[in-house]
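Top line first, the protein sequences correspond to chains A, B and C. Mapped onto the numbering used here, the consecutive letters of the first sequence carry residue numbers 1 to 141. Mapped onto the numbering used here, the consecutive letters of the second sequence carry residue numbers 1001 to 1156. Mapped onto the numbering used here, the consecutive letters of the third sequence carry residue numbers 2001 to 2243.
Treat the hints with caution; some may be incorrect.
Simulated restraints, written as ranges between beta carbons of each label pair [as the list claims (entries may be wrong)]:
1) H1075(B) / S2112(C): 48 to 58 Å
2) M1034(B) / L2077(C): 35 to 45 Å
3) A139(A) / A2106(C): 24 to 34 Å
4) G2101(C) / T103(A): 18 to 28 Å
5) V1091(B) / P2041(C): 21 to 31 Å
6) A137(A) / P2183(C): 26 to 36 Å
7) A2106(C) / G67(A): 38 to 48 Å
8) P2128(C) / L20(A): 44 to 54 Å
9) L2077(C) / Q114(A): 30 to 40 Å
10) V2176(C) / A90(A): 43 to 53 Å
11) P2041(C) / V1094(B): 30 to 40 Å
12) L22(A) / P2128(C): 35 to 45 Å
13) V1027(B) / G2212(C): 51 to 61 Å
Some chain B residues near chain C, calculated using beta-carbon distances under 10 Å [said to hold, decoys possible]:
14) Y1055
15) I1057
16) T1079
17) L1083
18) L1104
No lab work stands behind these hints, which were simulated from the structure alone. Glycine included, every Cβ here is placed at the ideal spot set by N, Cα and C.
Listed here are the chains, written in short residue letters.
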Amino acid sequence: MKALREVCVLAAVAALPAALALALHPELTDRARTGLAPDAVRPAEVAAWTAPVLWVDARDAAAFARGHVPGAVRLDEDNFSASLGGVLAAWSPDMRVVVYCDTAACSRSRELAQRLREAGLSEVHHLHGGWEAWSRAHATP
Amino acid sequence: MEPGTRDTVTRAAGWLAGAVAGLALVVAGTAKAMHPATFVADIWSYHLVPESWAYWIAVFLPWLEIVAGAALITHRLHTGARLVAAGMFIVFAVALAISWARGLDVACGCFGGGPPSAAGATNYPWLITRDLLLLACLAVEPWLARRTTKRTQTRP
Amino acid sequence: MGLIDRIVRFLIALLTFAAPAGLTAAGPLRWEATEITVNAPPLAESVEAVFTFTNASDKPATIGDVHSSCGCTVPKLAKKLYAPGESGEIRAVFTIGERIGLQEKAIMVTTSGDEPSHTSLTLRVNIPTLFEVKPYFVIWNVGEATTPKSITLRLLAPDVLGFGSVMSRHAGFDAVAVAGTEPGRMDIAITPQTTAQGTNGAIVVSLKSPEGRTREITLYAMVRGTPTPAAAAPAPTAPAAAP
C-alpha cells in the first residue's frame, strides 16, 4: 500500500513538468506538432491572404504538366538562374511568393524558397504538404 | 566490524545501488524529454495508441523516469520509485527477450551503442544483461535490509 | 510487421535508454552504411555513391522498389532478387546542376515478401560554392532616374572559376563589370537606357575555369510599373488688358 501511494505521488509530481513541457516546449507548439518550419504555410493560410500570391512550382517538368496550381510558374533547380527569369517575369514587389513541391517529405520547396530570398525576393514562403496538400484542399467534392 | 558501522555500510551500499539505477533512469528520461517531437513520432509510428495518447505518453513517461530516478538518488519515496523502476526494467527486459527470440533488429543505441557488434545487429545479450544489472541494483537495498533484520534477530 | 512485433518494438521504443531515434522495420537486408556523404569536386556535373547491403536472413530477399525523393538522384540496382548471404549494391547518381551547398536526398528501398521492410538511405552531397551573387536582379520603377544599379558577384575560388565576361542580352540595358576593392569581387553595374515604360532584360555573366570550362549565370534587369500621365500644365492666365 505504501509503495502504491508513493507511486501515485511520483506520478503526480511527474505530471507537473510534463504539463509544462506540453504547454511550453518549442517542439510541442501547434506548428511544431505538425512539423511546420517558420516560413512554411498551409493552403488555408494562403487562401486567407489579401496580398497577391505568386505560386512557384519546384517539381519536374512532367509533374508540372500533369497538373499545377493555376497561374504557377515552374522553377528548375538544375538551371536556377536561367529559370529565375520566368519567375521574375510573373513577379512584382507587392506579391507574396509560395514555393511548393510534391509532398511534405520533399525538401526542394524549402531550399528553393531560401535561394529565392538570397536572390533578392522578399516574402517568400514554402507550402507545407506541397502539391498533395493543395490538391486535397481544392478537391471538388 | 562493529554492528553500528556494519549497519551504516549496509545502508550506504543499498543507497548507492539504488542511486545507480536512479541515475540510469534520469539519463534515459532526460534523453527522451529533450526530444519530445521525435518521441511522439516514434510512439505514433507503431499505430498502437491514438495520436492524442501518443502525445501524453511521450511527454509524461520521460518525466516519470526522471522523477522516479531522482527519488531513488535522494532516497525519498524510494519504495514507490523502486516499484516504478522495477516495472520499467522488467518490461524492457521481457520486450528485449521476445524481440531477440523473434529475430527482430531494433538497433538500440542505448548509452552510445554498447560493445561493437555486427553492423546493424542488435546486441541483445549486452542490452538484457545491462537491464538485469540495473534491476539487481534495485534489489540490493531490500535484500541487505532483510539480512540486517535477520542478523539483529539472531544476535544474542 | 505483425502485432506482437509491433508491441515489442513499441515497448522497447518507449523504455529505451537512448534518445528516440525513429525505429524502422529493418527487414532482411543489412546495410554497410545507410548514410553516405560525398564531397563533390568543383565543377563536377554529377557524383556517385554506393550503398552496399547483404541479405542477412535465411530466405531469398526481393527488393520491390527503389526510388528517390528527387529526380536529381537516380538509384541503380543490378537485380532485385538476393539469395541468403548474397551481397548487392545500390548506386546513386546525383546530378548537381546549379545546386549549391549541402544537399540531402533520400532513397527509399522496399523489400517485398512476408515481412515487407522499408529502409531510407541518405545521400549527402557537399557542393562547393564557387561564387555568390547578390541580388540576382535589379529593378527600377517607371519614371525613376536611370541611375546605374549594381549586382555584386563574389568569386570564392577564383583559381577554380574566374570571371570571364558580362553581356547584356537586351538593348535597353547596359552592363559593365568593375573589379571591386576586395579580392574576387566584381560589381556588375547595370543602367537602363530609359525608364519611360516597363521592360525586362537579361544579363549573362560568363565564368571560366583554367581548363576552359564555362559557367553562365543569368541576371535580370527590370523596369516595372505603369507610366504615369505627364502632370497637367497650369492653365495659361489671360494677358492683362492694356490700359
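Comparing the hints with the structure gives:
no.: 1; hint: H1075(B) / S2112(C): 48 to 58 Å; verdict: holds, 55 Å
no.: 2; hint: M1034(B) / L2077(C): 35 to 45 Å; verdict: holds, 38 Å
no.: 3; hint: A139(A) / A2106(C): 24 to 34 Å; verdict: holds, 27 Å
no.: 4; hint: G2101(C) / T103(A): 18 to 28 Å; verdict: holds, 23 Å
no.: 5; hint: V1091(B) / P2041(C): 21 to 31 Å; verdict: violated, 52 Å
no.: 6; hint: A137(A) / P2183(C): 26 to 36 Å; verdict: violated, 51 Å
no.: 7; hint: A2106(C) / G67(A): 38 to 48 Å; verdict: violated, 24 Å
no.: 8; hint: P2128(C) / L20(A): 44 to 54 Å; verdict: holds, 45 Å
no.: 9; hint: L2077(C) / Q114(A): 30 to 40 Å; verdict: holds, 33 Å
no.: 10; hint: V2176(C) / A90(A): 43 to 53 Å; verdict: violated, 28 Å
no.: 11; hint: P2041(C) / V1094(B): 30 to 40 Å; verdict: violated, 52 Å
no.: 12; hint: L22(A) / P2128(C): 35 to 45 Å; verdict: holds, 44 Å
no.: 13; hint: V1027(B) / G2212(C): 51 to 61 Å; verdict: holds, 59 Å
no.: 14; hint: Y1055; verdict: violated, 14 Å
no.: 15; hint: I1057; verdict: holds, 7 Å
no.: 16; hint: T1079; verdict: violated, 21 Å
no.: 17; hint: L1083; verdict: violated, 15 Å
no.: 18; hint: L1104; verdict: holds, 6 Å
Going down the numbered hints, you'll see the structure goes against 5, 6, 7, 10, 11, 14, 16, 17, while the others check out.
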